[in-house]
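Number of protein chains: 2
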Amino acid sequence: MSSSMTERSEIRLAGEGGQGMILAGIILAEAAAIYDGKNAVQTQSYGPEARGGASKAEVVISPGEIDHPEVLQADVVVVLSQEAFKKFSTSIKPDGLLIVDEDKVDSSSAPKAIRLPITKMAFETTGRQITANTIALGVLVGLTDVVSREAIEKAVTARAPRGTEEMNRKALQAGFDAAEKVKTGK
Amino acid sequence: MSSSMTERSEIRLAGEGGQGMILAGIILAEAAAIYDGKNAVQTQSYGPEARGGASKAEVVISPGEIDHPEVLQADVVVVLSQEAFKKFSTSIKPDGLLIVDEDKVDSSSAPKAIRLPITKMAFETTGRQITANTIALGVLVGLTDVVSREAIEKAVTARAPRGTEEMNRKALQAGFDAAEKVKTGK
Chain A
1 MSSSMTERSE IRLAGEGGQG MILAGIILAE AAAIYDGKNA VQTQSYGPEA
51 RGGASKAEVV ISPGEIDHPE VLQADVVVVL SQEAFKKFST SIKPDGLLIV
101 DEDKVDSSSA PKAIRLPITK MAFETTGRQI TANTIALGVL VGLTDVVSRE
151 AIEKAVTARA PRGTEEMNRK ALQAGFDAAE KVKTGK
Chain B
1 MSSSMTERSE IRLAGEGGQG MILAGIILAE AAAIYDGKNA VQTQSYGPEA
51 RGGASKAEVV ISPGEIDHPE VLQADVVVVL SQEAFKKFST SIKPDGLLIV
101 DEDKVDSSSA PKAIRLPITK MAFETTGRQI TANTIALGVL VGLTDVVSRE
151 AIEKAVTARA PRGTEEMNRK ALQAGFDAAE KVKTGK
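Just so you know, the protein sequences line up as chains A and B, in that order. Everything in the first sequence is counted per my numbering, starting at 1 for the first residue and increasing by one. Everything in the second sequence is counted per my numbering, starting at 1 for the first residue and increasing by one.
In short, the hints are calculated from the structure, not lab data. Note that the structure is a prediction, hence the values are computed from the model and not measured. A few of these clues could be false.
Now the in silico label distances, taken between C-beta atoms and shown as ranges [unchecked claim]:
| no. | chain 1 | residue 1 | chain 2 | residue 2 | range |
| --- | --- | --- | --- | --- | --- |
| 1 | B | 37 | A | 165 | 34 to 40 Å |
| 2 | B | 95 | A | 181 | 54 to 60 Å |
| 3 | A | 108 | B | 67 | 44 to 50 Å |
| 4 | A | 163 | B | 95 | 24 to 30 Å |
| 5 | A | 145 | B | 158 | 30 to 36 Å |
Where is the CB? At the ideal position from N, CA and C, for every residue including glycine.
Model the full structure from these sequences, guided by the hints.
Structure, rendered in structure tokens:
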């Protein structure tokens with residue numbers, strides 16, 4: 001994966017409607033721009049497939065100007081549903097990273113992916129499956145440092161509905177912890 | 001303004017953080033794609049200015065493929081704050097439409113704009129200023145038909161936090177009504 005400190009990073013987040021992956025994209029872009037002082041572009045494209053329920057958010061982060069807002073070859077793709085996997089897990093860099101919810105995407109279709117029980121972790125950590133998108137951000141940032149941990153924590157907290165800030169901070173930390181385990185092979 | 005039925009439409013929504021203009025952009029794009037069956041791309045770009053507080057969302061809607069997701073010359077710009085006006089009211093088509101909150105953007109700086117008390121209307125209609133973004137969508141769609149009224153109502157309802165659906169429908173209708181008054185000159 002390219003070094004996020006010096007280069008352009010392309011991230012795609014995909015899931016079903018209701019899993020909050022568009023919000024996750026907005027939070028990631030705000031972390032990069034508002035709190036890390038980089039440039040960020042966040043895009044959703046909807047075509048005739050939008051009716052199907054799967055949606056994706058794309059974020060491009062760069063220390064410099066962003067001329068092309070499109071994700072051409074993703075550095076990181078995070079996928080929380082089988083349908084989203086089928087539609088949006090293409091065009092990843094050869095050394096890119098694919099992270100999937102292991103209970104949602106069957107293993108035969110993504111043998112090289114990093115597999116974590118993201119939705120289950122959300123429920124176990126906060127009692128609310130809806131925090132799966134925050135867990136996913138924690139895993140993503142923990143594995144890639146595409147934005148700083150401080151920045152993503154501030155951005156998550158700023159976007160959390162009032163009263164859910166602490167719950168979302170716990171979910172983010174659980175994502176960081178899961179990423180550490182992946183990195184150290186434990 | 002270009003005919004939204006047959007051509008590409010470029011819309012920019014801008015305001016301060018907390019005014020919900022990014023969410024308004026997502027709702028507009030979802031109305032176009034999920035409920036009107038068009039293609040839509042919705043983009044936020046953040047640069048060093050993001051820290052300042054003003055933010056913009058851009059939406060491109062087209063019956064056909066969207067090759068360039070950037071807004072080059074907007075057909076419609078809606079602005080809810082003076083700072084957002086300064087930063088994001090540029091590059092409008094000669095026959096384009098600028099809609100501003102008349103209590104937020106001073107008249108000398110936008111003599112040709114359509115001026116409506118959008119935030120005040122939100123408070124008067126629903127008791128909640130936060131519905132100003134929904135009022136803005138009602139005004140925008142009422143004036144331009146960039147998406148159908150049915151589509152924007154479904155999209156607003158689908159994105160409204162639980163328990164606020166009716167409040168948001170009322171806000172949308174107030175926006176439609178204000179647009180009618182503008183069109184008929186009453």
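Hint-by-hint comparison with the structure:
Restraint check, residue 37 of chain B to residue 165 of chain A: a C-beta distance of roughly 38 Å satisfies the suggested window 34 to 40 Å. Remark: the range hint 54 to 60 Å for residue 95 of chain B to residue 181 of chain A is upheld by a beta-carbon distance near 58 Å. A C-beta distance of roughly 35 Å is found between residue 108 of chain A and residue 67 of chain B, which places it outside the suggested range of 44 to 50 Å. Under the hint 24 to 30 Å, the C-beta atoms of residue 163 of chain A and residue 95 of chain B, about 46 Å apart, miss the expected range.
In this structure, residue 145 of chain A and residue 158 of chain B meet the distance hint of 30 to 36 Å, their C-beta atoms being roughly 35 Å apart.
Hints 3 and 4 from the earlier list are contradicted by this structure; the remaining hints agree with it.
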